[in-house]
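J.: One-letter residues, chain by chain:
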Amino acid sequence: EVQLVQSGGGLVRPGGSLRLSCAASGFSFSTYWMGWVRQAPGKGLEWVASIRQNGYDEKYLDSVKGRFTISRDNAKNSLYLQMNRLRVEDTAVYYCARDPGWEILTPRFDLWGQGTLVTVSS
Amino acid sequence: DIQMTQSPSSLSASIGDRVTIRCRASQSVSNYLNWYQQKPGKAPRLLIYDASSVESGVPSRFSGSGSGTGFTLTISNLQPEDFATYYCQQTYDTPLTFGGGTKVDI
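Protein chains in written order, with the working numbering: chain A, 1 to 122; chain B, 1001 to 1106.
So here's chain B without its partners, still in its complex pose (with noise of 0.2 Å):
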């Protein structure tokens, strides 16, 4: 199975703030890998796809770039509606296997 680590587990900042949270893979994924941003009692939220496509709907302060192993997801200028938990995901090979996931608090 393919092992999707992300750092850091959870950070603080604020508004307005550049953030950036980092997914590494533990063998190489190509560009299959997707974002999803989660606050609590929801359903996740697909932000990125294919390591640096927005999905549509998403705002564009968020971004998401990286290829084979090591991949990032930046929020560019943090609101307040941003506050939340992000997950990445693998979709190259199955089991579909998800990051541990980085909160973003305050």
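Bound-form chain A, shown alone (with noise of 0.2 Å):
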């Protein structure tokens, strides 16, 4: 089956650090970017970070650049995201998701893993 299974997230003080974690299968992980996008509660969606196949080209919102980063490691199909010096303003639901663009077809968010709410709370 295609998808993507997150894991992670959790409760964490303001200051504090978390690693969330996304598992793909049933698709050939490491022809596609990949991408986080979070959902604030009761608010819209916002793109946060996207990362190239091989790793080397990463993107990020201003908002969580030096702060957060978007990895992966395609031996095991796997996407990460390190959010270090969390802020109140970054509790979300997080999700990852797959696209199939960037060069020759254009980007788009086209699978989503389930989410993962992260809560940033003293």
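Read the hints as simulated data drawn from the structure, not as lab findings.
C-beta: ideal position from N, C-alpha, C; glycine also.
Hints may be right or wrong, so weigh each one.
Unchecked claim - When the alpha-carbon atoms are kept at most 27 Å apart in a straight line, the in silico BS3-like pairs for lysine-lysine are as follows:
| hint | chain 1 | residue 1 | chain 2 | residue 2 |
| --- | --- | --- | --- | --- |
| 1 | A | K76 | A | K65 |
| 2 | A | K65 | A | K43 |
| 3 | A | K43 | A | K59 |
| 4 | B | K1042 | B | K1103 |
| 5 | A | K59 | A | K76 |
| 6 | A | K59 | B | K1042 |
| 7 | B | K1103 | B | K1039 |
| 8 | A | K43 | B | K1039 |
| 9 | A | K76 | B | K1042 |
| 10 | B | K1103 | A | K43 |
| 11 | A | K43 | B | K1042 |
Said to hold, decoys possible - Residues of chain A clear of chain B, computed beta-carbon distances all greater than 10 Å:
| hint | residue |
| --- | --- |
| 12 | G10 |
| 13 | G26 |
| 14 | Q53 |
| 15 | Y56 |
Got two chains here, each in a separate frame; can you build the complex from them with the hints?
T.: This is how it looks when you write it as structure tokens:
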């Protein structure tokens, strides 16, 4: 089955760190860009970061640049989001997503994980 | 950053209705425009990419049009499973940005 299964998340204090994981199966993970999108409670969608197939090109939302790091391990078919110096405003459901674009095709998120809640609170 | 503005923010419709949702970009995004559907507690689902191409598996009652700064998502013959929130997204430039969403309810 083609799917993305997320793990990680939880409650963390402001200034703390958390690592999200996303395990891919059923497709050739190493041939796709991948990304993270978040959704604050009751709010809309916000793109967070994207990474190239080989991991050598990363793009970030300005508000997370320098605090969050997107990475991937193609041997393990896994995507990660390391979140440091977390802020209350980072509280959201985080989704990983597959992106067939950026080169021949235009970017789009055509497969999504189930989402994981990150709560930043003291 | 490219701002995406959707209208209306919510609408009420009936089964069988034709529904139109609009999305305006603060600058031209060519046809780098996607539409997603999201139901409560669920991940978004890609409906339309490249402004007018229907994603595989999406019913033909969903269609998209537009280019540059103005886009529309049309749902013809609204079905019970179509009651959801819809988002547009531009991928012309980073940061990738979404519209604020349009909630379609009964």
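J.: Now look at each hint and say whether the structure bears it out.
T.: Status of the hints after comparison with the structure:
no.	hint	verdict
1	K76/A - K65/A	25 Å, holds
2	K65/A - K43/A	21 Å, holds
3	K43/A - K59/A	23 Å, holds
4	K1042/B - K1103/B	14 Å, holds
5	K59/A - K76/A	22 Å, holds
6	K59/A - K1042/B	25 Å, holds
7	K1103/B - K1039/B	10 Å, holds
8	K43/A - K1039/B	13 Å, holds
9	K76/A - K1042/B	26 Å, holds
10	K1103/B - K43/A	12 Å, holds
11	K43/A - K1042/B	14 Å, holds
12	G10	18 Å, holds
13	G26	15 Å, holds
14	Q53	17 Å, holds
15	Y56	16 Å, holds
The structure meets every hint from the earlier list without exception.
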